[in-house]
Amino acid sequence: MFTFSKYHLATSVNEAYEILTKNRNNGILGGTAYLRMGNRNLATALDLSALDLDYIREEDGTIELGAMTTFRSVETSEILKENFGGVVARSVMDIVGVQLRNVVTVGATVFSKYGFSDFIPALLALDTDVVLAGGGVMSLEKFLESDTTRDILVAIRIKKNGRTGNYQTVRKTKSDYALLNIVTSNVDGDVKIAAGARPGRATLAVKAMEYIRENGLTAETIEQAGKIASEELVFSDNMRASAKYREAICKVMVKRSLREVM
Amino acid sequence: MLLETTINNRKVALAIEHDEYLVDTLRKAGYLSVKRGCDTGSCGLCTVWVEGKPVLSCSTLAVRAGGKKITTIESLQDEALEFAGFMADEGAEQCGFCAPGFTMTVLAMKRELTNPTEDEIKHYLNGNLCRCTGYVSQLRAIKKYMGVEA
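If you're matching them up, the sequences are chains A and B in order. For what it's worth, the working numbering labels the leading residue of the first sequence as 1, then goes sequentially. For what it's worth, the working numbering labels the leading residue of the second sequence as 1001, then goes sequentially.
Source of the hints: derived by calculation from the structure; they are not laboratory data. Any given hint might turn out to be false.
[Unchecked claim] Pairs of lysine-lysine residues, derived as DSS-like cross-links and limited to a Cα-Cα distance of at most 30 Å, are as follows: (1) K81(A) <-> K142(A); (2) K1069(B) <-> K1053(B); (3) K1069(B) <-> K6(A); (4) K6(A) <-> K1028(B); (5) K1122(B) <-> K1110(B); (6) K1122(B) <-> K1143(B); (7) K159(A) <-> K113(A); (8) K1028(B) <-> K174(A); (9) K1011(B) <-> K174(A); (10) K174(A) <-> K1122(B); (11) K1068(B) <-> K6(A); (12) K172(A) <-> K160(A); (13) K6(A) <-> K1110(B); (14) K172(A) <-> K1028(B); (15) K1053(B) <-> K172(A); (16) K81(A) <-> K1011(B); (17) K81(A) <-> K22(A); (18) K172(A) <-> K1035(B); (19) K251(A) <-> K113(A).
[As the list claims (entries may be wrong)] Label-pair restraints from in silico Cβ distances: (20) E58(A) <-> G1067(B): 24 to 32 Å; (21) E1074(B) <-> S12(A): 32 to 40 Å; (22) D1119(B) <-> K142(A): 37 to 45 Å; (23) D1119(B) <-> E78(A): 17 to 25 Å; (24) E1079(B) <-> G61(A): 42 to 50 Å; (25) Y1135(B) <-> G200(A): 47 to 55 Å; (26) V1012(B) <-> R40(A): 23 to 31 Å; (27) E1051(B) <-> G216(A): 46 to 54 Å; (28) A219(A) <-> L1081(B): 57 to 65 Å; (29) K172(A) <-> D1119(B): 13 to 21 Å; (30) K244(A) <-> E1017(B): 34 to 42 Å; (31) K172(A) <-> E1120(B): 18 to 26 Å.
[What the hints assert, rightly or not] Some chain B residues flagged as far from chain A (calculated, every beta-carbon gap over 12 Å): (32) T1006; (33) K1011; (34) V1012; (35) L1014; (36) K1028; (37) S1033; (38) F1086; (39) A1088; (40) E1093.
On a predicted model such as this, the values are computed, not experimentally measured, just so you know. Glycine included, C-beta positions come from ideal geometry on N, C-alpha and C.
Looking at chain B on its own, in the form it has when it is part of the complex:
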């Protein structure tokens, strides 16, 4: 079947299987920042935005994205680069495998929450796993990036 959707502000029509998940559709279309991780909906690696909301592309049927706006990190390069600077400054970037999904969630959080508490940040990022950093340096970077006052 044909999926007519918008990816990173470009209207596209993609041939898909009707039971295909969005992670596969996006990767086939060349959006290789979207990675398959745990494949059980637990790790957050495959996070993209649908209509501006972060979703797991491994758990979202591609057909459900028909007529909607999909955003991957490829279209958020400037913001991602800015955030990467804060991560590097805090020594929060290690193997980088989780980075695309993690960054997509952080950028979504920045749009949704204003001056969040540490608990709110942790809660929002519960669905993103990182096996390298232990999260402390990431938390420092996020607080500075979001301009958290306390």
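Only chain A is shown next, with the shape it has when bound in the complex:
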């Protein structure tokens, strides 16, 4: 059961950060849909919903998403549908239902680094930074590798550099958690391949990316890139699929996805 002793509606990010770092049992409220399924007992729960962090906007060559933006806003955003081959908007479409997507926030999902996330691999396949109240701006890749736990994710910035992307997912039923997500992107031959729901935290298939960079993106190389990605990524078993199954479908998903960004 998820409980908290005190509730505080933050009046600024700085104030929230100060309260957060004062006590290790203080925490941030995101959408609270997943938080409630755990057993956390917070001393003070900090609510960022009055800080105008629910927005998607284009500025200075980036698309910025505020931390409190809901998945439904991501899904229906014309800006996100029109950019990056629509992968960011597409990535959240299969997540349960409209009612949950109207609750879940991008900040909580990314900050929590959920392994099952459909959204994080889409961001990772693009040139994405996270803006943290304490840690400043850092690449999403670096953030996912970090052990940051006491900070506030304020915004997500995606560089608008002409990348086009493709999103592939395999699920047992349409709105179930994914067995595996593969997202690829390409700008002028610079290819990124991200994998999520391995079921571990989203990661890049760096060896496969390097192979494409050296050998180009062709009908022959995408086949090999799929094989390399499936060998370099670490998969695990869970109740939805075995590591072996994930490895097998990865090969095909990477190939299919790369074909779409050629």
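Starting from the known structure of chain A, arrange chain B on it as the hints suggest.
What follows is chain B alone, placed relative to chain A:
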């Protein structure tokens, strides 16, 4: 703490626990159409509208509804009755347990989508589970209710 909000166009002030979820607040206040189902955010049974958007009340903290407009099916009786007619005509109503949440989502969809495709209807209703009907009769009813042309 005191939650000042508007439920079905009535301003109310309700005593709540700060970590209470909206489903509990609404039921305590007598809005018994709002049911607790799976309690994991999966079934759509507890759907209400906050500021006109369908949300899961089991996953929304009550405190977050402060100063906002909450709508439950109790205030949408005429529309719900009209939709129920289409459901009955298609044999789409069985045990009725999922009906309040399901109807709230359908009425929200009618406001949001114009002449949706079958896929768009299915997509919008992905978050509502019904263990009786198999969805085919419901889909027929929804298409007729929404005046879907194709």
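Taking the hints in turn, this is what the structure says about them:
1. K81(A) <-> K142(A): holds (26 Å)
2. K1069(B) <-> K1053(B): Satisfied, since the Cα-Cα distance of roughly 10 Å is no more than 30 Å.
3. K1069(B) <-> K6(A): holds (24 Å)
4. K6(A) <-> K1028(B): holds (22 Å)
5. K1122(B) <-> K1110(B): holds (13 Å)
6. K1122(B) <-> K1143(B): holds (11 Å)
7. K159(A) <-> K113(A): At roughly 20 Å apart (the allowed maximum being 30 Å), K113(A) and K159(A) satisfy the hint.
8. K1028(B) <-> K174(A): violated (34 Å)
9. K1011(B) <-> K174(A): Violated - the C-alpha atoms of K174(A) and K1011(B) are around 39 Å apart, more than 30 Å.
10. K174(A) <-> K1122(B): Roughly 10 Å separates the two Cα atoms, so the pair holds.
11. K1068(B) <-> K6(A): With Cα atoms ~21 Å apart, K1068(B) and K6(A) stay inside 30 Å; holds.
12. K172(A) <-> K160(A): violated (33 Å)
13. K6(A) <-> K1110(B): Outside the cut-off at roughly 39 Å; violated.
14. K172(A) <-> K1028(B): violated (38 Å)
15. K1053(B) <-> K172(A): holds (28 Å)
16. K81(A) <-> K1011(B): Status violated; Cα separation ~38 Å.
17. K81(A) <-> K22(A): Status violated; Cα separation ~40 Å.
18. K172(A) <-> K1035(B): Judged against 30 Å, a Cα distance of about 28 Å means the pair holds.
19. K251(A) <-> K113(A): holds (24 Å)
20. E58(A) <-> G1067(B): 24 to 32 Å: Hint holds: Cβ distance 30 Å, inside 24 to 32 Å.
21. E1074(B) <-> S12(A): 32 to 40 Å: holds (38 Å)
22. D1119(B) <-> K142(A): 37 to 45 Å: holds (39 Å)
23. D1119(B) <-> E78(A): 17 to 25 Å: holds (20 Å)
24. E1079(B) <-> G61(A): 42 to 50 Å: holds (46 Å)
25. Y1135(B) <-> G200(A): 47 to 55 Å: violated (34 Å)
26. V1012(B) <-> R40(A): 23 to 31 Å: Check passed, 30 Å falls within 23 to 31 Å.
27. E1051(B) <-> G216(A): 46 to 54 Å: holds (50 Å)
28. A219(A) <-> L1081(B): 57 to 65 Å: For L1081(B) against A219(A), whose Cβ atoms are near 59 Å apart, the range 57 to 65 Å holds.
29. K172(A) <-> D1119(B): 13 to 21 Å: For K172(A) and D1119(B) the Cβ distance comes to about 19 Å; the hint holds.
30. K244(A) <-> E1017(B): 34 to 42 Å: violated (47 Å)
31. K172(A) <-> E1120(B): 18 to 26 Å: Once the Cβ atoms are compared, 22 Å apart, the range 18 to 26 Å for E1120(B) and K172(A) holds.
32. T1006: holds (17 Å)
33. K1011: holds (20 Å)
34. V1012: holds (19 Å)
35. L1014: It holds; L1014(B) is separated from chain A by about 15 Å at its closest Cβ, greater than 12 Å.
36. K1028: The assertion about K1028(B) holds, with a minimum of 18 Å to chain A.
37. S1033: Given a closest Cβ separation of 15 Å, the condition holds.
38. F1086: About 20 Å separates F1086(B) from the closest Cβ of chain A, which puts it past 12 Å; holds.
39. A1088: holds (24 Å)
40. E1093: holds (20 Å)
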